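Below are the chains, spelled out letter by letter.
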Amino acid sequence: MAWTSAQPIVSLKNVRKAFGDFEVLKGISFDVKKGEVICIIGPSGSGKSTVLRCINALVPINEGSITVEGQEVHDPRLNKLELRKKVGMVFQQYNLFPHRTALENIMMAPIHVLRQNKEKVREKAIKLLAKVRLAGKENSYPGELSGGQQQRVAIARSLAMNPDIMLFDEVTAALDPETVKEVLVTIRELAEEGMTCLLVTHEMGFAREVGDHIYFTDRGVIVEHGPPKEFFASAKDPRTREFLSQVL
Amino acid sequence: MSAKPFAVLPPAAAPVATPSQWADWGLWDAPKRIFTPRVLVGLVAAFGVCLLAGEAYAQLNGQQRPGVLATIWRWLPLILLGPPGEVGGFLLNILVSFLTMAIGTVTGIILGVLQVSQGLIVRRVAWAVTQFFRNSPWLVLLFFAILLLPFRMNLFGEIVPFPSWIKAVIGLALPIMANIAEVTRGAINSIPTGQWESAESLAFARGQTFRLIILPQCVKRMLPPWMNWYAILTMATTLISIVGVADSMTLTQQALAAEGGRSELLIPMYGMLLLLFFLYCYPIARWTLYLERRYAIVT
Amino acid sequence: MAGLAEWFRSLYTDYGINFVHFYDDYERARFFRGMWVTIKISAVSVLASIVIGILGAWLQTSGNRFVRSFTQGYIQFFRNTPPLVQMYFFYFALGPLLPRVHTEYGTLQPMLSNFTWAAISLSFFAGAFNVEIFRSGIEAVPRTMTEAASALGYTQMQVYRYVVFPLGIRIVIPALTNNIVNLIKTTTLAYAIAVPEALFVANQIWSDRVNVMEMMLTLFVFYIGLVGIVVWVMDRWEKALRIPGYGQ
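As they're listed, the protein sequences go chains V, B and L.
With my numbering applied, the first sequence closes on residue 248, and no number is skipped along the way.
With my numbering applied, the second sequence closes on residue 1299, and no number is skipped along the way.
With my numbering applied, the third sequence closes on residue 2248, and no number is skipped along the way.
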């Protein structure tokens, strides 16, 4: 019964979600293996962000099942906090805590949630900041940082919890083009180190280079999926082709 | 303002001051002085008029007793500090305002947090309590406290006297509690939902989220309306004179009576009382404006 | 009705809960008079304070610096001094200045009754806040709109009447409602100068009948009910004035 890394680390089976009368997800199923980089693309309103939010239980589902490392996510007996320690999420609006410095933002969760030793956490936080190429900005407040810098601090903040899976919800959508690159480089390095990443993104170039598997969603269903080479070169479904012709 | 589901309740606290309001008062630059020359001139002029009115009246009626200004000067220590050996007068007004604000703030913040609690019953009860004390006249609540609280209590076997002014503090703390609860709730609701989401994603428990992330950000937003309520409360402390506490209002009236009801003292003495409160509350109002500007929330 | 009165009387005889104004005609008449005085003084003060507010807002736009300073002085004075002391000042200090008039019996009485002085005091008090409220409403109307109206040939008066007032009023309704509610609560101060409003009459009743708790309860219900009615009316008015796409 225990989960092994031979099994998918994240598994969605026939997930359905409706907000009131409006059905956002109409039966989503896919598996993610450990270490894979999954990119979910599609037009707005297709349910991409909702999928991510269902995986870390920010949003409950109506039907179907989602398992993370073998554990059913929407099991009422599950302690959500335990799940969140395994699954980290980075948002489009970065959502850094404005009243704390960059370093403190990274340190807060390990100290208060994981109850780790303050000195050790500080060392690790400094390393993480260096890793996202913001060494020297430890004592800056979010208001003093650019959008791209804030987003990288947000990534470091999630990494401080040592998650097994990282979810990225259109993290570059609110940034201007020059700063998008610095964030994508950070994510790419993460992926190359073996972190399992699920990204909802509009960055097709990034998806093509770094992704292991691309999923195209439209109106709540997965229309087509495949490895990037095949997917971008020869998409089969007409909807996919139309979408790709508009964004590429 | 979105459509209210239950439209018999007053709307939430007033919005933050807008730049145009400040501009007209010449407050675009940080206030260098609390009392600008114009204000000082106005104050001196107003009080001078009161004194002159008193003197003129005295002259008209041929009174020969000590002058108005001298009389006021004689009574001033009593009205400011109260009878010797006791705390009374204006000092008592200030003391009551401090105590009431302290009690009201603590209970109000708790009540405000309860209003956003996840338990439905807790939320409803907290909301009802807040609305009840917000919409009741302060004087009625004051009478309520004075008449219905015991004048002494049995605490752990000790008999503790419960003097009137303590009961007045409790009576005034009730509406303050409700209004601070509203301010707290408004501040909590103004924190972007993204903060809640990212805290949740980082596995913070709800209590931790409040303590470490939400409430610290609320403090800045709450400060200007909190100061505003303090000013309103200080002015409301004069109500305790109606229920017999020896504050500055009562003592002024007693001083007037002791002077044998000299009519020429009426305007100057009441004028002086108004001046005292003005001197205390006006700087607070200015400081509140300054804080509003400094902490202006860009939405 | 008689049945209800009997029920309340039995409530008293059996349980000691004395809602005397329900079963006793004399007390009921007294209390109704008190409530009616409260309603009268509230109505008079609200109307007068609105007039003062409009007048003050208009004066504040005057070119004359003295007029503006005077208005500002009025506002600051009434906002930063206790309303109770204001009322005493009006009634005890200014009252005796006015000449006495003859009643129909030939005796002399003050020209203005305590009810009138209370109304005057409360009107000036609430009026000071209304000036601020109306001014913010006027300023919330974009200058471009008033310029356009002037360009169409409207006089200053007409601009106010047809453009500024209708638009500004929609913006100030919430703040105005708050102020009116405060005014209604502040009418209890008239107790201090022996105006026979609800609190005063209730005091008389509970002094006679020793039923403080019951009278308190009735007072709370009365005031909260009165406030509720006013807020409801203002809310309906706001909804009636709603323009699609403006403000919300």
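No lab work stands behind these hints, which were simulated from the structure alone.
The structure presented is a predicted model; accordingly, all values stated were derived computationally and were not measured.
Careful: at least some of the hints might be erroneous.
Looking from chain V toward chain B, a few residues come up when the C-beta cut is under 8 Å (computed) [what the hints assert, rightly or not]: (1) LEU58; (2) LEU78; (3) LEU81; (4) ASN95; (5) PRO98; (6) HIS99; (7) ALA109; (8) ARG115; (9) GLN116; (10) VAL121; (11) ASN139; (12) TYR141; (13) LEU145; (14) ARG157; (15) ILE165; (16) PHE232.
All C-beta atoms, glycine included, are put in the ideal place defined by N, C-alpha and C.
Exercise. Out of the numbered hints, which ones does the structure contradict?
Worked result: Going through the list in order, the structure violates hints 2, 8, 9, 10, 11, 12, 13, 15, 16 and respects the others.
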